[in-house]
Amino acid sequence: MNNPPETSLQSEKALKRLRRRRAADTRFRMYGLAALGFALFSLVFLISAIAWKASGAVTYHVVKTDIVLTPERIAPDGNASPEEITRNIEGFYTLVRDDLFARFPNAGDSLPVRQDFSALVDRLAVLPLARRVARHPSLIGQSVTVQVPVSDDVDLFLKRSSPRSIPFRIGAGAQISPGQGGGMVLTQPDLDSVRATLTALGEHDGVPSVFVTSQGAVARLSDLGDEAASFELLAGDVADFGGTPLKGLIVTVPESRRTISDLQIAWALALRSEGVIRRVPHTSLLTRTDSTYPELAGSLAAIVGSLLTMLVTGMVAIPMGIFAAIFLEEFAPKNRLTQLIEVNINNLAAVPSIVFGLLGATLLLGTFGLPRSAPLVGGLVLALLILPVVIIAARAALRAVPPSIRSGALAVGASRMQAVFHHVLPLAFPGMLTGAILGMARALGETAPLLLIGMVAFVAEVPSSTTDEATALPVLIYSWASNAERAWEPMTAAVIVILLALLVIMNVIVVMLRRKFERRW
Amino acid sequence: MDTTAQTDHDPALTGEGADKAQALVYPRIDCKDVSVFYSGKQAVFDVSLPVYDRSVTALIGPSGCGKSTFLRCLNRMNDTIDGAKVTGEIFMDGENINSPEVDPVLLRSRVGMVFQKPNPFPKSIYDNIAYGPRIHGLVEDRQELDAIVEKSLRRAGLWQEVKDRLAQPGTSLSGGQQQRLCIARAIAVRPEVILMDEPCSSLDPIATARIEELIDELRKRYCIVIVTHSMQQAARVSQRTAFFHLGHLVEMGDTDQIFTSPRERRTEDYITGRFG
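Line order of the protein sequences matches chains A and B.
The numbering of the first sequence is this note's numbering, which starts it at 4 and goes up by one.
The numbering of the second sequence is this note's numbering, which starts it at -12 and goes up by one.
Hint data in this document are derived by calculation from the structure and do not stem from the laboratory.
We put the beta carbon where it would ideally sit given N, CA and C, even for glycine.
Please note: incorrect hints may appear among the correct ones.
Claimed, not checked - Computed from the model, here is a short list of chain A residues facing chain B with C-beta under 8 Å: (1) 337; (2) 340; (3) 341; (4) 358; (5) 407; (6) 410; (7) 411; (8) 413; (9) 414; (10) 416; (11) 417; (12) 418; (13) 421; (14) 430.
With the rest of the complex left out, here is chain B (with noise of 0.2 Å):
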């Protein structure tokens, strides 16, 4: 797959390439020595790692490598597992998100996460949607609430496929379009950053096609970073590309680079496809 083609063809990249040259100075989040434990046995090494505002950052590397760990970090979805601690410090607007005072709920709702598996609520699409908004109390009424609904569809691409059976369950929908809504359910809440967890691994080709558009659609809003198994998907919608080998971050770039020309052996022995 020819990167910088696509690249090239990127309004987002070449016609916004002020904004991207500001943001890619600033990280959205930045991530010091962060290292996390489950049950005393490591499983990520000092991880460090900025993730920047307005592009997609891909975590790339093999099955155990501690990427989806280290994404779990970003929202501290850790905390729900027990005997899993989390050292380090990750800076998000300068504030670290792992300290006793941030509150993992309010932080959830700041970084929304779309799993492996479609998981809608075995709720009605509307439903699935408005949870979100609802429970943060974003809303004031019903007309509200519609809005944010439509507008969380539109985003997701999902509108124009569900907009005459919002009532009907979300789990009626295929594979492909059940991750659009866990996409736009996540999108409802207004956060900053979406994490996506190999959101594409259990999905055909053509939604898992579908899926990727929407991604360089959304990285025009949002801060994302995705784990994926598939080297051509980070190709594809990524900017800036990190690999990880064994719990430690070997090498990490911008996603030209690193496929190109990867400065460590081993990077290069995984993406030419000699293991993993």
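The following block holds chain A by itself, in its conformation from the complex (with noise of 0.2 Å):
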């Protein structure tokens, strides 16, 4: 008998066909698992970028400390209205720098040592201070509790930010005794890694500083000799460094490279050491407005303001792009001129969003002479934006209601009107939804537009209606972000997190819409 004939199905040429169609489709799994894999890492890397930039902003220090608030320094007329008081600012701010001077005895009281001190604080950050004084005016003559932000150069020190600072031990065998001139002589006291570190950093404008601290007293290394270490006392007395153990600290940059002096340092660390300056947590940025000091600023301000930009947004565009996209998909007749108009829609959504802002500025401000920086503006420039993603995307949801629903309602009798309303637009309003919301989610991030329309205003004020000076996260993003200050730059991670948590929080309320409208048929 012969072999039967090999079938086709198993000829060399018909396997070798299998195993290349095998290749191609584990090479196409292949591409779309690096796709995925690249997309996960972007985003995991972004994200990780931003919430560890923003970390930097989830504390930040403060001073605490009891003040009594003397009559003759708030109200030095003997005038205790709310205005005046809160006018007098500068009361309140002697009140609480005194207070922390006179920790110092020893500083002198020479008037740059003055101003070099007055640094540690900004004047304005005791502003919320004087506003409650200015409420309460029974606290006058007594002793409060204040906590007030230290400057943004301070607290990045304390955060060993900028300027970097290196920590170092100081071996236990060191002796410690007075030194000339008020200072201090270290005996003993294995500086090896310290001199390694120095030589390493070299010179640049002027040598770095070395500082020893105990307790609430510091020092700063004025020679290091290979026996011996002198000291120059800049905060407390030589005797605070007789019980605890000594801690040391390298500060990279040079005195005169940098915007925080060698003394206010001595300061900051002796007031740390003694708990005077703490660090709490940053709630400031999200109930204080915006300040041209970055302790002081925070974002409420832009949050109502986004807030509001949003509820006009979507009082306008969710409605307007919902009845629209119901009349052409439902109702309008096929012919020319909504095919014009469709085709206009979808180019719409591809026009850059700048040009809304032109637009707004032009229209909305110049010929209607609504007001500048408005939430209602920016609301109405974003609406329009927006538009055409929610007709779109409520006609395709639309659409996908299968028309033997419709045929089914109209075959009892229902007029087209009741058919769709009825029984389309429940099916449909998941969808639509979903197109809303994300519709909303890119105005909520949209900077553009709002730029053209004088949103990116300065606004101290929280926004109390649609028609108030207000400004938008994202401009409030980009205006942190282009500050010269370091101090923005953890601010304004945090910021653009508030915003990430926003736009989180609204894709949950889609998928929550969803899961709770959605039918199947």
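Since each chain sits alone in its own frame, please combine them into the complex, following the hints.
See the structure below:
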């Protein structure tokens, strides 16, 4: 008997073809996985980079101390009206500063030293205290606990973020003795590591500063010899160096090249070791408004501004977009005109957002004379911006409803409108809502159109209506990011996190609404 | 299938013979020269066809022969299709339903329709039935509505199966039950005519048999027009049959006559399975 003829499925050629097809399948799957992996990696990288940056703004340093609100300082003219109290920031500031300064009796009382000391806390930082007293005049004369943020330079230094500082240990064998001119001498200090670090850092416009601290006393290295190191006392007493072990700190940037002086560093370290300066959660980021001082700035005005803008956007774009979609999809005759409208809607979705800003600036501000920088105008512009997105999503949702539902309703004698509103709309609703909220999410992140209608203004008051001056979160990010001071960097990242959190909340709402309303057929 | 045997046993035809004779004389719906155009392309050519009350008229023919399109003229469902145009006259109770004075919404409450694929609303069984009576204002209060729902479901032979779960979604029923629910939904608005567009094409044989029994039952009260692909079904359930081909009405007559001695060659070829 002959062998059965080789079928085409087993031939060499067929097997080769099969192998090639399998290989193509595998390759395609790999490409897909690679793309997915890359996207995931980028997302994780982005989020963690922002979160890492923002973590610096989660806490900040404040001065917490008890002061007596002496009437002479707060109301020097005897006028204790709320306006007068709020205006007298200098009085409150002096109270706080003098209370702190009193802790350093050896500092001397020269003008440069006082000015240096004043820079630890910004004047405007006492404004909330002044407002509190203005609201409750009975506090005058009382002792109150105040908590005011330290200036951004001090805060950054204490967070070890800028200028960079390196801690070091001092050997237990070191002997402390008083030096000449109120200084201090360490013998047998075993400072080889410090010497090595200093050599490595080199000299750029001066040498790095080296500090040793113990409790409330801080001294700066003035001469590093082989046997002994002499220190110059900046805060506290030589006697303070007795009990507890010494801690050392090298500030890598020379004094002439940084914004915080050695004296300020010494005061800050001393106040911190006494518990006057402490690290607390940075809640003011959420409860205060914009400021030119990073430690006093908060995003509340921008959050409220964004919410007001979104309110206007949602109230205009969602009903308008949904009804436009219903009309176009269910009622409009299919002719040249509706085709033209359809093409235009699709094109509008691709128009750069700044163009909508120009439109808002000329039409809403120019022709209609609406107020500048107002959430009303911003909301209207953003509504125009997301309208095409809402319409397109809503139409897609309507198209996804099977025509048999419409026929079924029409066949029992429902009018066209009844068929749409009783049967089609409930089914299309989750999809429409998804599109609408995704559009809102896009609007929430838009910056360019808001810049053009003046929502980039510095806003120190929380807007209370849609016609008040306001700014929005993305614009706040934009303006904070363009500030020069290092302290704005973590603050900006923190506001980005707030914005992302709002977006996540919106998306969660979408998912929940979908789950609730989704119906199968 | 022996069609004569079945009609002989049918009480509606034997017992109520006098009624039937009367009904056959005066057609419930009388179509004169009906043509349908889709975007200028003619799909149905000058069809003239009487439809008699209390009987089932079957429209048969190969796919794309225009029988469904013609059926949709009878409740003006073609109005909902863009570019569709219907000419000719369709008289119902002496009134031309194609005239602009006739409101298609009202017409559709008199001419119910059941579709090829069961399409219950994604609502409860109760609401599926109650929707029509509600929008037409047929009921005054909840008791009346309950009564209509029960009556419609009973007539559709579904009451026993669903009476304990009226609040469940209509889409949770099986295919055959869904189709009977759609029939009940159509009945609930008290139509005079029921149009059925291949009502059994997506159902299994058992569900199909159940629907066919139901159609036979409904014939006693309503005028039914059914489009079907199955010649056996046409032979089983209908009294009158119309054969369509390429948009033309080729032949129409009593079902017995069409299936036993067709006058036209094309009808015979189709019935004997030579094409289609």
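Problem - Violated hints - listed by number, lowest first - result: Hints 2, 3, 4 contradicted; others consistent.
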